[in-house]
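In order, the protein sequences belong to chains U and H. For what it's worth, the numbering used here labels the leading residue of the first sequence as 1, then goes sequentially. For what it's worth, the numbering used here labels the leading residue of the second sequence as 218, then goes sequentially.
Below are the EDC-like pairs computed for lysine to aspartate or glutamate, each with C-alpha atoms no more than 20 Å apart in a straight line: (1) U:110 with H:365; (2) U:111 with H:339; (3) U:80 with H:358; (4) U:70 with H:339; (5) H:357 with U:88; (6) U:110 with H:339; (7) U:70 with H:365; (8) U:110 with H:358.
Think of the hints as simulated: they come from the structure by calculation, not from any bench.
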Amino acid sequence: MKAKAFSKTYGRRRVLELPELELAEGRITAVIGPNGSGKSTLAKVLAGIERADEKRPILPGVSVGYLAQKSFPFRMSTEKNILTNGNDPARAAALMKALSIDALAGQSAKKLSGGETARMALCRILMNRYDLLILDEPTTAMDMESTLAAEELIRETCHETGCAVLLITHSISQARRIADRVLVLQQGELIEQGECQAVLSAPGKEETRRFLDFYGL
Amino acid sequence: MGSSIRKAIELILSADPELLNILSTTGKVCVTSSILALVIGVPIGILLGAERFPGRRVLLVLNRTLIGMPPVVCGLLFYMLFSGVGPFRRLHLLFTVKLMIIAQVVLITPIIVGVMETFVADTAPALRETTRGLGFGRLKEYRLLINECLYSIFSAYLLSFARAIAEVGAVAMVGGAIAWKTNVMTTAIMMYTNRGSFTLGIALGLILLTLSLLVNVVLSLMQGRLNR
Numbered sequence: 001m002k003a004k005a006f007s008k009t010y011g012r013r014r015v016l017e018l019p020e021l022e023l024a025e026g027r028i029t030a031v032i033g034p035n036g037s038g039k040s041t042l043a044k045v046l047a048g049i050e051r052a053d054e055k056r057p058i059l060p061g062v063s064v065g066y067l068a069q070k071s072f073p074f075r076m077s078t079e080k081n082i083l084t085n086g087n088d089p090a091r092a093a094a095l096m097k098a099l100s101i102d103a104l105a106g107q108s109a110k111k112l113s114g115g116e117t118a119r120m121a122l123c124r125i126l127m128n129r130y131d132l133l134i135l136d137e138p139t140t141a142m143d144m145e146s147t148l149a150a151e152e153l154i155r156e157t158c159h160e161t162g163c164a165v166l167l168i169t170h171s172i173s174q175a176r177r178i179a180d181r182v183l184v185l186q187q188g189e190l191i192e193q194g195e196c197q198a199v200l201s202a203p204g205k206e207e208t209r210r211f212l213d214f215y216g217l
Numbered sequence: 218m219g220s221s222i223r224k225a226i227e228l229i230l231s232a233d234p235e236l237l238n239i240l241s242t243t244g245k246v247c248v249t250s251s252i253l254a255l256v257i258g259v260p261i262g263i264l265l266g267a268e269r270f271p272g273r274r275v276l277l278v279l280n281r282t283l284i285g286m287p288p289v290v291c292g293l294l295f296y297m298l299f300s301g302v303g304p305f306r307r308l309h310l311l312f313t314v315k316l317m318i319i320a321q322v323v324l325i326t327p328i329i330v331g332v333m334e335t336f337v338a339d340t341a342p343a344l345r346e347t348t349r350g351l352g353f354g355r356l357k358e359y360r361l362l363i364n365e366c367l368y369s370i371f372s373a374y375l376l377s378f379a380r381a382i383a384e385v386g387a388v389a390m391v392g393g394a395i396a397w398k399t400n401v402m403t404t405a406i407m408m409y410t411n412r413g414s415f416t417l418g419i420a421l422g423l424i425l426l427t428l429s430l431l432v433n434v435v436l437s438l439m440q441g442r443l444n445r
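Work out the full structure: start from the sequences and follow the hints.
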């Protein structure tokens, strides 16, 4: 699927200007870049949470699921939260088990810790099928064990449903572990894109090299 | 003082008819007005908190002004509207329980709107980002938002009931504090104190405090359950 070229401006500050993007179905595309590079804005515009300057749909006819950086737990149990996005208790149970929150099924979601809330939110978004799944730093609040389980679940969902996944991440090692393709953003511009291993091992642009060097890779 | 309190307790225990009449009028005015204000104020507060539309800021300023409106000003306004020279004189509502309820609703509704607006304005953006990200429609979004608001609705009701039961200025002006007809606890306390008859005033004061305490305890328990 192709996302049309768009720009996003807040006040007088243009925070994002991107060319047409190709998002491959059944593949995971990681978006990396320093703070303020426009990663989350890209996610929000593609998800339709925020409007692009062009005021037209960027992905017409594409169903998009979006997991925000800070997930909102609804005032109900963990299990009911997950079931708000699809009435399939067996699938909900399987997802909760995969992310080790099955013991918290009956607990109020408002009382979950940050990491548990992040796992609940990932289960919730994975209950439904979307053409494009946008995950904005889904594992930031999780410990390493949960992060690896979440990555496995994202990979499985992507391959089984054939949806395109756009993963916003700060972690280069996560991109390396899970992503097929990578987009590198800097100051609101796409500076490099390509196959993940190729870009991370041998970046073609000086800015990408500097960014990766900064992260010690 | 001690003998007045003893006599007041005796009056309560003997179920004095005048006391019962005042209690019944107070209950009618406070419960009806606070429920009506809740029914009107909650949707308005949610809309003002959740939506952005032209004129919203003006409405918010207007509501904040109404929250601070002195009850006697509200009473005066209704007195003028419904008195013999007012535009609504033919409705014959002055010095009736109905007009006391209407005046209370006007006083209480802005409080409920304010409480709801503050809570929803704080909650709605994060909730909306999540519901839109999940692809939920507006109806489901609002159902979930209202579910988030239950605790605040009880808080708003608690505040509005407390204001209604303690209010004296407006109900005294539009009700006239007529014995056996429009006398509520606060107006009766004022009336009997002015007459130098402290016993009934103290009895009513004790009941008012006890009622206020009971309502607060019950609502706090309910809030605790909702917050679980």
